[in-house]
Amino acid sequence: MSIRINLDKCVGCLRCIEVCPGSLIKEKDTKAFMKYPKDCWGCVSCVKECKAGAIEFYLGADIGGNGGKMNVSYEGDIIHWNITKSDGTVKVIDVNSKDSNKY
Amino acid sequence: MERMVDDMKNSLKHNKILTDVLIIGGGTAGCYAALTLSRNSNLSVAIVEKANIKRSGCLAAGVNAINAYIVDGKKPEDYVDYATKDANGIVRNDLLLTAAKRFNAVTAEMEKLGLVILKDAKGNYVARGNRNIKINGENFKPILAKAVQEAENVTIWNHINVTDLLVEENTVKGAIGFCISDENVYEFRAHKVIVATGGASGLYKPNNPGFSQHKMWYPPFNTGAGYAMGILAGAEMTSFEMRFIALRCKDTIAPTGTIAQGVRAKQINAHGEAYEGKYGVTTSERVYGTVKENQLGNGPCYLQTSGIDKEKDEELFKAYLNMAPSQTLKWMESGKYPSEQDVEIEGTEPYIVGGHTASGYWVNTNRETTIKGLYATGDVSGGCPQKYVTGALAEGEIAALDIIQKIDQEQSREIDDNVAFKKIEEYEKILNKETYFFTAKELEEAMQKVMDEYAGGISTHYQYNEKQLNLAEEKIEQIIKLSKDLSASDMHELMFVYELKERLTVCKQVIAHLIHRKETRWHSFNENLDYPNIDSGYYKYVNSKLKDGRLQILLRDIVQEEVYEHKN
Chain A
1 MSIRINLDKC VGCLRCIEVC PGSLIKEKDT KAFMKYPKDC WGCVSCVKEC
51 KAGAIEFYLG ADIGGNGGKM NVSYEGDIIH WNITKSDGTV KVIDVNSKDS
101 NKY
Chain B
1 MERMVDDMKN SLKHNKILTD VLIIGGGTAG CYAALTLSRN SNLSVAIVEK
51 ANIKRSGCLA AGVNAINAYI VDGKKPEDYV DYATKDANGI VRNDLLLTAA
101 KRFNAVTAEM EKLGLVILKD AKGNYVARGN RNIKINGENF KPILAKAVQE
151 AENVTIWNHI NVTDLLVEEN TVKGAIGFCI SDENVYEFRA HKVIVATGGA
201 SGLYKPNNPG FSQHKMWYPP FNTGAGYAMG ILAGAEMTSF EMRFIALRCK
251 DTIAPTGTIA QGVRAKQINA HGEAYEGKYG VTTSERVYGT VKENQLGNGP
301 CYLQTSGIDK EKDEELFKAY LNMAPSQTLK WMESGKYPSE QDVEIEGTEP
351 YIVGGHTASG YWVNTNRETT IKGLYATGDV SGGCPQKYVT GALAEGEIAA
401 LDIIQKIDQE QSREIDDNVA FKKIEEYEKI LNKETYFFTA KELEEAMQKV
451 MDEYAGGIST HYQYNEKQLN LAEEKIEQII KLSKDLSASD MHELMFVYEL
501 KERLTVCKQV IAHLIHRKET RWHSFNENLD YPNIDSGYYK YVNSKLKDGR
551 LQILLRDIVQ EEVYEHKN
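As given, the protein sequences belong to chains A and B, one line each in that order. Sequential numbering of the first sequence, starting at 1, is according to full-length UniProt numbering. Sequential numbering of the second sequence, starting at 1, is according to full-length UniProt numbering.
In case anyone wonders, no lab produced these hints; they're calculated from the structure. Be a bit skeptical, because a hint or two may be false.
Within a straight-line C-alpha distance of at most 20 Å, the following computed PhoX-like cross-link-like pairs (lysine-lysine) qualify [unchecked claim]:
| id | chain 1 | residue 1 | chain 2 | residue 2 |
| --- | --- | --- | --- | --- |
| 1 | A | K91 | B | K336 |
| 2 | A | K91 | B | K372 |
| 3 | B | K312 | A | K102 |
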């Protein structure tokens, strides 16, 4: 369970570094760098903070990871959770942040 | 008085900050205490957080529901009854009642700040069960943090890791810590201090000890700092033997309540038999039943979701994205949705956490600890199990209001400068030492293995006997000795060293408490093989405090009075 940062997409805003509740992301050559991947809790705070869509969340193979990854994008109150499976297919789940959980 | 600085490669800059009130830990309880102080007084408040208050603490990913709420037709006393039964009597009635009376008001306040709560056509909150309401908790913490950022007279100190309280003659004068990204030490001097650092995870070997070691229930960054600094300062602690073990979705360690309550899924074993009835339905019995079924060869155990309506799949995906997104990703990765496949469940490693069980500081009704001027709120505060998020908010408010009433701004914040100097020297020594034989991470692994094998971890099905506990004690002592030689190459590593030291201090306390509760009051939470039954002689709190370097255990009678004040 951890994140990967796509350096081509990273714009160096460093908001992920600021928000990570474990302070696990550091700055390297003006970009964000995941220094402690094994220490990640999987809270995806950084993924939500990254407006450039540069951070992807994935599951370690030890907990059922299969090569899929997830990031988010925003449209008003809607959070698009973009899940790319290992075969390349994409599933998008939209959550309206103004809607409560049904369960 | 000036500090002598040796000619060393790393010398730390000493910053001294004066404030009326210091809050250590910017999670749910700490933030709400800051907000309450700001709204009801002109006191200066410093809130110190080792990460950033925006997402730090338990609510980083979000929270599934408000799980401590007085729904229509119920009274705060009903909540107290429920929590008391669930903890088999070892609770503080005064603490539970004062928290429960505030659950609804703090919830209403969070709604005003922007929290989304599900309502029916008449505008009433929709209950989820007898004590819960449904929310969108994804942004709970950012909403609260924003309010703190905008609050008057509050200064936020992010990325400062506090290691020690400054205490003289059993009165708190402040705290000291360091910045985790540059070479600065911060010494805070305050009239009153609130500790709100959360509970302790990472004491035991976790469910996923490899790459996903931190995919755990409780925040891996809650390392028991507040417990450790209180223990070392001589504060009395309670109920560390009442460990908390969560029943969770396997691997992702995501919540099970959303499935159990949301789609009414039953706990079943590998043969498809619902087994809850055999073991009981208290929080600890639900874990115990699952452990037992596995021991009997009836595992794996599941939440029976197969057969639910397809549209419920989508609602579950969304609910989990709002609090534990790894579970939704796991469903995607497996290619089988909950309607097609039951969800496997397991117990987590044990945690020490006062928001769920009763471990923590021994406090009076207003949440003041046995150290004068020091308050404890949220998961670090004991005696008030199942307080959850609303209880943390309530305790932050209770402590803040008591401080406003009692604070004396004329009171001296002075303390011998050498106390801080000695601490800074200790930090510098660790930073300037030759690289040590072991790293903090290696010793952490050693500690977790000892706790797992000898103090009732996952590998022994949470069971232990006294011989094992004695061995655990001996082995933890050995690791404590090793930890004194640790080195750190930067400020973040310095935090790792102190986090390990904190956990070791808590481990010692847990072992001592487990040894002294010579009964099994809660299955799995304290599964004492030498004393497998409840003993009415132990209808008492097991409390402890460090005095002259030795841990003293006190068995205290159950508090009956409505208002409890420290006497001795």
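The hints, checked one at a time:
| no. | hint | result |
| --- | --- | --- |
| 1 | A:K91 x B:K336 | holds, 14 Å |
| 2 | A:K91 x B:K372 | violated, 56 Å |
| 3 | B:K312 x A:K102 | holds, 9 Å |
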